[in-house]
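Chains as they are written, first to last, in this note's numbering: chain A, 705 to 944; chain B, 20 to 140.
It is worth saying that the hints were derived from the structure and are not from the lab. Each hint should be verified, as a subset may be incorrect.
What the hints assert, rightly or not - If the Cβ cut is set under 7 angstroms, some of the chain B residues that face chain A in the computed set are:
id, residue
1, Gly-57
2, Leu-105
3, Phe-106
4, Leu-124
The beta carbon of each residue, even a glycine, is placed where N, CA and C say it ideally should be.
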Amino acid sequence: MTRIHFFEHLEGHGAPQDLTRINLGKNILEANEEVAHQVYHLYTDRGVFLTNVMGSPGSGKTTLIKALAQHLKIAVLEGDIASSVDSIEFAKMNVPVVQVNTDIYGSACHLEAPWIADKLRLLIEYKPEFVFIENVGNLVCPSDFNLGEHERLVVYSIPEGFDKPIKYPPMFTKATAVVLTKVDLAPVMDLDVEKFEESVRKINPHVQIFTFSAKDEKSIQPIVTYLEGKRQALLNNRSN
Amino acid sequence: MHEYYVAKHTIYQVKKELGELHPSLVKKVGLEIGKMSGIIPEALEMYLGLIAPEEGLTNATFIITLAPVLFRCNDCSTLFEPSRELFWCPNCNSSNVTFVSGNELKIQYIDVENNAENKEV
Chain A
705 MTRIHFFEHL
715 EGHGAPQDLT
725 RINLGKNILE
735 ANEEVAHQVY
745 HLYTDRGVFL
755 TNVMGSPGSG
765 KTTLIKALAQ
775 HLKIAVLEGD
785 IASSVDSIEF
795 AKMNVPVVQV
805 NTDIYGSACH
815 LEAPWIADKL
825 RLLIEYKPEF
835 VFIENVGNLV
845 CPSDFNLGEH
855 ERLVVYSIPE
865 GFDKPIKYPP
875 MFTKATAVVL
885 TKVDLAPVMD
895 LDVEKFEESV
905 RKINPHVQIF
915 TFSAKDEKSI
925 QPIVTYLEGK
935 RQALLNNRSN
Chain B
20 MHEYYVAKHT
30 IYQVKKELGE
40 LHPSLVKKVG
50 LEIGKMSGII
60 PEALEMYLGL
70 IAPEEGLTNA
80 TFIITLAPVL
90 FRCNDCSTLF
100 EPSRELFWCP
110 NCNSSNVTFV
120 SGNELKIQYI
130 DVENNAENKE
140 V
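This is chain A alone, in the form it adopts within the complex:
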């Protein structure tokens, strides 16, 4: 019979004499990590900057990537439990896009590297400078799975409320950049954007924070400049 016990501290006991202990200290998600590393090295070698875009459903991930597509040479991998709603949007814009539906993986709430690696290898053949993975909308699960990305960008919208970083710390502590979206709604909702930035900094003091509104075309520019800088650094490191 399978049994499970919990301990708050590491066990100090060795294996009894009739048992042999195999000491591992290995990542449970090693199979995922191996594929993620292959993707990371492929993208780095080809000079393509890979961004894993994560956030709640409706936080504005697709809208943000669509705005970036106006300024950057991109391709997109769309992750959703079902449907091709978002990928059709990108196809209409002539942006190379592949759709991954996790309903074939038990309706998973996240993407895993082995599920998308072939698609990412395909997208790179369209010679983009940036590839965006739009992860399944979820503020918890995607953060545990490395997809081989250079950047972990968390999209966090004003209507979600300013307490989300402390409620969902794994997502925010692992982020390299946070984009606060729908900032045009802050005055309508009587909310202070600075308070949102503060709440992110309490959890991740050094993360890059941007504000974005789809109503303000200029607000995408600092994010474009940031990503271009990150890709340039990747190219520089590669040639060194």
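Model the placement of chain B on the given structure of chain A, informed by the hints.
Only chain B this time, still in chain A's reference frame:
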């Protein structure tokens, strides 16, 4: 929500490490789960209990150790477990801190029965 997938990865990884050994020889598996890994230990427990016997680990006990969330202050070197709402140094209030641990999802060890030749598999 993704505890089912983490449980599946756990069993896959354990069986891979066993090589030729039959999964029923596994008596104990030590797991280390960080308190900030995003995993609900009770949910992982439930899925391990369901998946392990199906995959042949019929005699296994899973020992789940919860690893604390730790940060180190880069200014005063204090190692601290942050409060639930602020990850800054409690000693000098610096925000210049480095994440040390708390994201772990690890298989620490597998205990396997020695008398494999006597075991009916």
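Status of each hint after checking the structure:
no.: 1; hint: Gly-57; in the structure: holds, 4 angstroms
no.: 2; hint: Leu-105; in the structure: holds, 5 angstroms
no.: 3; hint: Phe-106; in the structure: holds, 5 angstroms
no.: 4; hint: Leu-124; in the structure: holds, 4 angstroms
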